[in-house]
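The task is simple: from the sequences and hints, build the whole structure.
There are 6 protein chains.
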Amino acid sequence: MKKRILWINPLGTSAFDEPMRASFETEVEPDVRVDVVSLGKGPEHLEYHYYEALVLPDILHAVKRAENQGYDGAVIGCFYDPGLREAREIVRDMVIAAPAEAALHVAATLGDTFSIIVGRRKWIPAMRENVEKYGFGGRLASFKSLGMGVPDFHADERRTMSALIECAKEAVEKDRAEVIVLGCTIEFGFYKEIQRIVGVPVIDATLAPLKYAEFLIEIKKRFGWGHSKEGGYESPPVDEILGWGLDSDWGTEGLWKE
Amino acid sequence: MKKRILWINPLGTSAFDEPMRASFETEVEPDVRVDVVSLGKGPEHLEYHYYEALVLPDILHAVKRAENQGYDGAVIGCFYDPGLREAREIVRDMVIAAPAEAALHVAATLGDTFSIIVGRRKWIPAMRENVEKYGFGGRLASFKSLGMGVPDFHADERRTMSALIECAKEAVEKDRAEVIVLGCTIEFGFYKEIQRIVGVPVIDATLAPLKYAEFLIEIKKRFGWGHSKEGGYESPPVDEILGWGLDSDWGTEGLWKE
Amino acid sequence: MKKRILWINPLGTSAFDEPMRASFETEVEPDVRVDVVSLGKGPEHLEYHYYEALVLPDILHAVKRAENQGYDGAVIGCFYDPGLREAREIVRDMVIAAPAEAALHVAATLGDTFSIIVGRRKWIPAMRENVEKYGFGGRLASFKSLGMGVPDFHADERRTMSALIECAKEAVEKDRAEVIVLGCTIEFGFYKEIQRIVGVPVIDATLAPLKYAEFLIEIKKRFGWGHSKEGGYESPPVDEILGWGLDSDWGTEGLWKE
Amino acid sequence: MKKRILWINPLGTSAFDEPMRASFETEVEPDVRVDVVSLGKGPEHLEYHYYEALVLPDILHAVKRAENQGYDGAVIGCFYDPGLREAREIVRDMVIAAPAEAALHVAATLGDTFSIIVGRRKWIPAMRENVEKYGFGGRLASFKSLGMGVPDFHADERRTMSALIECAKEAVEKDRAEVIVLGCTIEFGFYKEIQRIVGVPVIDATLAPLKYAEFLIEIKKRFGWGHSKEGGYESPPVDEILGWGLDSDWGTEGLWKE
Amino acid sequence: MKKRILWINPLGTSAFDEPMRASFETEVEPDVRVDVVSLGKGPEHLEYHYYEALVLPDILHAVKRAENQGYDGAVIGCFYDPGLREAREIVRDMVIAAPAEAALHVAATLGDTFSIIVGRRKWIPAMRENVEKYGFGGRLASFKSLGMGVPDFHADERRTMSALIECAKEAVEKDRAEVIVLGCTIEFGFYKEIQRIVGVPVIDATLAPLKYAEFLIEIKKRFGWGHSKEGGYESPPVDEILGWGLDSDWGTEGLWKE
Amino acid sequence: MKKRILWINPLGTSAFDEPMRASFETEVEPDVRVDVVSLGKGPEHLEYHYYEALVLPDILHAVKRAENQGYDGAVIGCFYDPGLREAREIVRDMVIAAPAEAALHVAATLGDTFSIIVGRRKWIPAMRENVEKYGFGGRLASFKSLGMGVPDFHADERRTMSALIECAKEAVEKDRAEVIVLGCTIEFGFYKEIQRIVGVPVIDATLAPLKYAEFLIEIKKRFGWGHSKEGGYESPPVDEILGWGLDSDWGTEGLWKE
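Protein chains in written order, with my numbering: chain A, 6 to 263; chain B, 6 to 263; chain C, 6 to 263; chain D, 6 to 263; chain E, 6 to 263; chain F, 6 to 263.
It is worth saying that the hints were derived from the structure and are not from the lab.
Keep in mind that the hints are not guaranteed to be accurate.
One copy or two, it doesn't matter: identical chains are merged, so the pair holds either way.
[Unchecked claim] SDA-like mimics (lysine to any residue), calculated; alpha carbons at most 25 Å apart, straight line:
hint	residue 1	residue 2
1	226	194
2	234	180
3	138	234
4	69	49
5	234	125
6	226	32
7	7	253
8	197	226
9	8	225
10	7	34
11	225	194
12	138	255
13	138	161
14	8	35
15	234	145
16	225	170
17	8	156
18	174	229
19	174	241
20	8	36
21	46	69
Quick caveat: nothing in here was measured; it's all calculated off a predicted structure.
What follows is the structure, encoded as structure tokens:
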């Protein structure tokens with residue numbers, strides 16, 4: 006059963022595309038092919054919600070295009086999970102995964118409580134809202150903040166690693182976290198070492214949604230369990246989209262078909 | 006103390022701009038001037054979250070432009086409250102109001118529980134999430150659904166009125182709602198008659214945020230109580246926006262200044 | 006549209022009446038007149054719930070008398086919000102505001118989380134209960150306690166200011182509060198300086214309910230949105246009050262009329 | 006170990022005192038003596054929160070007087086639990102019980118969920134708030150309303166019984182309640198028959214707090230487990246009460262001693 | 006009214022049986038007889054959930070045997086409350102108490118918030134889940150961990166006492182707990198001294214459920230208020246148990262009768 | 006990467022083993038081998054919590070034996086998820102899945118709200134507690150009860166199917182469920198037809214945990230993300246188990262090794 010997954014880096018920069026693709030290639034199951042794209046234009050990180058807003062239409066169009074091209078699933082590669090609801094609304098059959106949702110489902114299965122390590126305090130309110138929304142508010146031990154922006158993570162990786170380990174240790178020892186979640190996709194490449202040192206599961210925000218997407222595709226293909234189209238994820242009617250000229254106004258001619 | 010408010014109809018159609026402006030004009034205090042704009046392009050309603058996503062950047066740019074033009078406050082005219090967090094993030098001093106937040110604050114002050122009358126079941130998940138997020142989940146008596154889309158509301162106003170009254174009565178009698186909230190800005194023009202007949206406060210989703218905006222402007226001007234810039238509403242750095250060329254890529258040259 | 010507001014200091018002492026009146030006078034809108042009264046007898050502060058209980062009937066009679074005299078709204082001037090439910094029950098058309106409810110609605114609109122600075126630990130349980138009741142439990146960053154009683158606040162204002170600033174800073178930096186709420190009406194006169202130094206909105210517990218009362222009056226007069234009389238705020242029948250002689254037993258002859 | 010309990014009917018009428026005393030006498034343990042008092046003046050029922058407010062000081066003074074007279078515990082006989090917090094604040098050693106708190110603790114121990122049968126819809130908001138406050142919101146199956154006022158309960162007892170049974174049955178069958186709570190002390194005398202017919206525990210709102218008071222006295226006397234005086238129940242300082250003349254102003258000379 | 010209570014130490018060791026019996030004997034009311042049994046085989050403490058699982062059938066059979074022998078109530082002597090739900094399911098008329106449930110009901114009645122002192126961090130997740138389940142999550146000030154296993158408690162009692170006092174003080178002063186709960190039945194013998202020094206109620210995990218059992222028996226005998234048999238506590242049908250040979254497979258011949 | 010999963014039917018009957026194995030065989034990925042066992046002795050269904058308690062030790066020993074035999078994961082085949090916590094505690098590296106946890110994670114990912122179809126009302130309290138514990142209480146649209154016991158499900162499958170469809174339709178239309186969860190593993194074989202007719206995802210309680218186990222094994226093997234051994238899932242020390250003779254007392258000699 007062939008499966009195709011599109012990982013969307015919702016950024017203007019393509020700097021992370023190839024490293025991520027290479028890392029993903031060795032982690033998916035043999036029958037899975039994963040591609041990585043970014044958006045061509047836009048911000049280089051999404052720390053600010055304005056940046057999320059800017060790229061939201063492009064994320065959704067990338068998602069819909071992927072469905073048209075026969076992808077089985079897409080991952081929206083930012084820990085704010087931007088456009089998760091909207092993407093599930095517009096797809097017909099494809100499944101959508103996102104880092105926070107996937108990582109928290111995994112964390113809640115592996116331990117009683119978890120801490121999320123973020124870059125800056127700024128990120129916390131929106132992420133806390135997601136934690137609550139996904140149902141895991143009662144399992145949140147703490148947010149730990151590195152005091153680093155996204156661009157800093159790979160600028161000096163030893164410094165980042167050491168800050169991550171310090172935060173993780175404090176979370177486990179003081180806040181009684183049983184699992185650590187890395188709260189940014191750009192915190193990739195670090196989980197294994199932290200896990201080895203701190204001794205609890207450390208959930209990487211790229212691998213968790215990638216594998217969760219595989220899982221969702223698997224149950225969709227086998228059992229027909231996809232996003233419910235009754236209620237919140239009911240799709241917009243294509244004739245409305247075309248009738249109002251949304252396709253030409255947003256440069257997506259040909260994207261929408263009945 | 007002169008106050009200027011911009012009401013943003015986050016729609017491609019300008020059909021509601023003038024009727025709303027006229028209705029607002031008589032309801033604001035003497036020192037307040039309210040303008041109404043729509044977006045020039047985009048969907049004619051926002052029932053689907055994809056539509057919200059499409060207009061989100063334009064909403065935010067309208068908000069920022071308004072701040073540059075000296076407006077004191079803006080209202081985002083859709084009961085999903087699209088872009089509320091993002092708008093509060095990008096403004097420096099202006100205050101932002103939105104229908105659901107304002108209406109629920111009012112409803113929670115006026116009675117123990119409230120029911121929200123929506124057009125279609127589709128709307129409920131996102132709105133319920135907002136009710137929870139704003140803190141009023143424990144006060145929600147019920148969602149009542151009219152089984153009508155936004156375009157139907159003013160197509161046959163007598164039929165709409167009668168459906169609204171039936172829903173409101175059932176909410177008050179069966180669900181023990183003490184206040185009714187009309188869950189769509191396009192349900193405007195109906196509240197007074199429903200209120201007269203049903204005998205509990207019926208909160209209109211255009212007037213509530215308009216007056217709440219006045220209130221927020223008043224306390225901002227007098228006491229400096231605006232959206233906190235520490236934490237979630239910290240603004241994106243202008244040099245990043247300009248450095249990445251977001252202004253030219255999104256056609257907003259001149260919008261962002263230090 | 007003339008509006009009259011009565012601020013009730015639910016205390017035996019009138020010491021705060023004139024300073025408050027003077028301060029309020031400059032903060033209300035031109036068409037608003039605000040009067041300040043205290044109760045003539047009773048405790049000099051309400052730190053203990055017994056004191057609240059003692060003055061509760063007098064608060065309510067002051068409220069009802071105000072309605073008879075044509076006031077449009079009343080504010081119950083204590084951060085425990087004593088008698089808020091009861092006052093809304095007995096009025097016919099007047100609106101009632103109270104410090105905690107008003108301040109928390111404002112705080113929740115201005116930031117993600119807030120801390121409340123109280124005088125003593127003693128106050129916290131009842132106030133925390135109110136925070137939960139109003140729906141903002143999930144937004145509470147912390148209570149900070151000054152370790153000072155009400156009479157201390159204006160005994161040495163420089164010491165109070167310095168303690169307030171220290172608490173506020175710790176709330177913002179350590180507890181990640183985005184907004185500060187001063188949890189006592191007698192903490193008046195301090196907010197501006199704290200706000201200047203700490204850099205987040207600092208909500209004063211006298212000004213917030215005063216302006217919220219203006220707002221409530223405005224929407225009551227324009228739209229008829231007053232406290233719902235269906236359910237919890239249903240008023241007691243006057244014939245019962247008179248029939249049982251409650252008016253003569255409590256010395257309120259003439260207060261209650263059909 | 007002799008125990009003395011004072012049951013306070015917080016009403017102006019003494020009509021229920023003797024029937025209650027007679028019923029209680031046979032239900033307490035041999036070493037317990039229970040007295041019943043009412044307030045001499047005041048309303049004949051407490052359906053309205055204004056009535057609660059009126060009698061609140063007298064309730065508290067009855068409580069304090071009881072402590073002075075050597076009572077070990079007091080029960081505040083109204084299902085709104087008026088003055089429960091305040092009473093626990095002012096006592097030094099006595100324990101205080103109240104109907105809703107006691108009945109809900111019992112109900113939560115006996116089954117998964119419970120329904121509360123009230124007289125009128127009016128009562129629900131304040132009672133629901135108590136259910137939440139005591140921690141049992143997640144266990145509440147429903148409120149059922151008889152559509153009867155307090156004076157109706159014993160006006161035609163067969164009609165009342167039949168209405169109670171109908172409500173209880175519906176609660177058990179439709180709302181899946183496993184326990185029924187009678188939500189008014191004046192619903193006394195009915196529980197046994199309803200229980201026999203409906204087949205689940207039916208908690209009487211007079212017997213539950215009476216026995217809970219016995220239990221609290223027992224653990225107070227044996228283990229010293231009384232209401233904590235650290236925090237919310239810290240008592241007001243007697244010198245403040247006397248210094249401000251609260252005793253003479255409220256006619257309670259001699260009530261307060263160091 | 007004679008009452009018989011069986012305290013079940015769900016352990017293989019009988020070391021605690023006689024000391025507990027002796028201590029209980031002086032604390033029950035004159036008409037109550039309390040026996041203490043342990044299980045004959047099994048672990049010497051229940052810190053691990055596997056140990057709980059092993060003894061669970063034996064706990065339940067001890068409970069059922071007690072009912073057959075005419076006991077009125079049983080207490081399951083471990084703060085995890087193992088088998089509480091199951092025991093209430095299998096009994097017909099007997100009442101069941103358990104330490105955490107009883108202690109938390111008492112604590113919630115005596116103060117606003119409580120802290121639970123556990124031996125090791127390991128215990129917290131299961132206990133926290135119980136706190137939530139019983140409805141007291143909002144009242145939990147903190148868990149404090151002694152860093153001691155069950156066997157350590159009475160190995161060096163002075164060291165244990167000093168650690169308990171330190172934890173309790175910190176809970177009261179830093180976490181603002183108003184009541185302390187000792188989170189293990191083997192922490193018996195210490196409460197009085199801690200209470201004397203720390204000055205808030207300190208709930209012992211053996212005495213609380215013992216007295217709560219007395220209370221439950223009392224209301225069962227007088228009013229018929231036992232565990233509801235409608236819903237979750239519906240008993241398994243004896244003919245099924247016998248028909249499947251569960252009695253012979255588990256060596257409980259004669260235990261189950263219609 | 007070979008994976009071995011053990012499905013444990015926690016029952017005395019082996020009647021479901023072979024049909025389940027056959028059905029699972031075609032649904033797992035090519036590199037997965039799944040075996041099905043039952044317990045040899047014990048009840049034929051687990052509707053009653055006493056039955057769960059009886060088989061709990063055998064479930065855990067089957068789990069531990071499976072780990073010793075090289076299985077990568079085990080599924081506990083009952084929708085009460087009996088022993089889930091305990092099983093995760095005793096394993097070293099194996100992962101454990103269970104029906105309710107897995108099905109609810111899937112349901113929460115696929116739609117806003119879900120309804121669970123149970124056999125009898127009896128089941129609801131324990132299951133509702135699990136829904137809350139797993140974090141999905143806010144997503145629960147309703148429990149629907151078929152009024153059928155486990156043995157009825159396959160006695161007359163057409164009657165069962167028709168009852169399931171009726172419940173599912175009512176859940177979707179009246180309770181606004183967006184996903185249906187079949188709340189019993191013995192409701193297997195029905196989901197596809199219900200799904201076809203009702204038009205929303207219908208989660209089968211056998212396939213969901215089977216595939217979730219595959220997913221958990223996959224992330225365990227690749228990333229080392231297994232159940233955290235810090236905190237609640239810390240394993241009991243083998244020397245304690247052996248030292249107390251638990252292995253010989255429970256007939257599990259050789260099961261536990263350092």
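Against the structure, the hints come out as follows:
1. Proximity of residue 226 and residue 194 under a CA criterion of 25 Å is satisfied inter-copy only: 17 Å between copies versus 31 Å inside one chain copy.
2. In this assembly of identical chains, residue 234 and residue 180 lie within 25 Å of each other by CA distance solely across copies; the values are 16 Å between and 40 Å within a copy.
3. Taking CA atoms no more than 25 Å apart as the test, residue 138 paired with residue 234 passes in both settings, with 20 Å inside one copy and 24 Å between copies.
4. Taking the closest pair of Cα atoms, residue 69 and residue 49 come within 25 Å of each other both inside a single copy (22 Å) and across two copies (21 Å).
5. In this assembly of identical chains, residue 234 and residue 125 lie within 25 Å of each other by CA distance solely across copies; the values are 14 Å between and 37 Å within a copy.
6. In the homo-oligomer, the alpha carbons of residue 226 and residue 32 lie at most 25 Å apart both inside one protomer (20 Å) and across protomers (11 Å), since each shortest distance falls under that limit.
7. Proximity of residue 7 to residue 253 under the C-alpha cut-off of 25 Å is found in neither arrangement, the shortest distances being 34 Å within a copy and 41 Å between copies.
8. Proximity of residue 197 to residue 226 under the C-alpha cut-off of 25 Å is restricted to the inter-copy arrangement: shortest distance 13 Å between copies versus 32 Å within a copy.
9. Within a single copy, residue 8 and residue 225 get their C-alpha atoms as close as 11 Å, and across copies as close as 21 Å, so both meet the 25 Å cut-off.
10. Taking the closest pair of Cα atoms, residue 7 and residue 34 come within 25 Å of each other both inside a single copy (10 Å) and across two copies (12 Å).
11. In this assembly of identical chains, the alpha carbons of residue 225 and residue 194 lie at most 25 Å apart only when taken from different copies (17 Å versus 30 Å within one copy).
12. For a Cα distance limit of 25 Å, the shortest separation of residue 138 from residue 255 qualifies neither inside one copy, at 30 Å, nor across copies, at 31 Å.
13. Neither within a single protomer nor between protomers do residue 138 and residue 161 lie at most 25 Å apart by alpha-carbon distance, with minima of 34 Å and 37 Å respectively.
14. Taking the shortest Cα distances, residue 8 and residue 35 sit within 25 Å of each other both inside one copy (9 Å) and across copies (14 Å).
15. Taking the closest pair of Cα atoms, residue 234 and residue 145 come within 25 Å of each other only across two copies (17 Å); inside a single copy the shortest separation is 31 Å, beyond that limit.
16. In the homo-oligomer, the alpha carbons of residue 225 and residue 170 lie at most 25 Å apart only across protomers (21 Å), although the nearest pairing inside one protomer, at 38 Å, exceeds that limit.
17. In this assembly of identical chains, residue 8 and residue 156 lie within 25 Å of each other by CA distance neither inside one copy nor across copies; the values are 33 Å within and 39 Å between.
18. Only between protomers do residue 174 and residue 229 lie at most 25 Å apart by alpha-carbon distance; the minimum there is 18 Å, versus 42 Å within a single protomer.
19. In this homomeric assembly, residue 174 and residue 241 come within 25 Å of each other (Cα to Cα) only across copies, at 23 Å, whereas the closest approach inside a single copy is 47 Å.
20. Taking identical chains as interchangeable, the C-alpha atoms of residue 8 and residue 36 lie at most 25 Å apart whether they share a chain (6 Å) or sit on different chains (16 Å).
21. For the identical chains of this complex, residue 46 and residue 69 are neighbours both inside a copy (18 Å) and across copies (21 Å), given an alpha-carbon limit of 25 Å.
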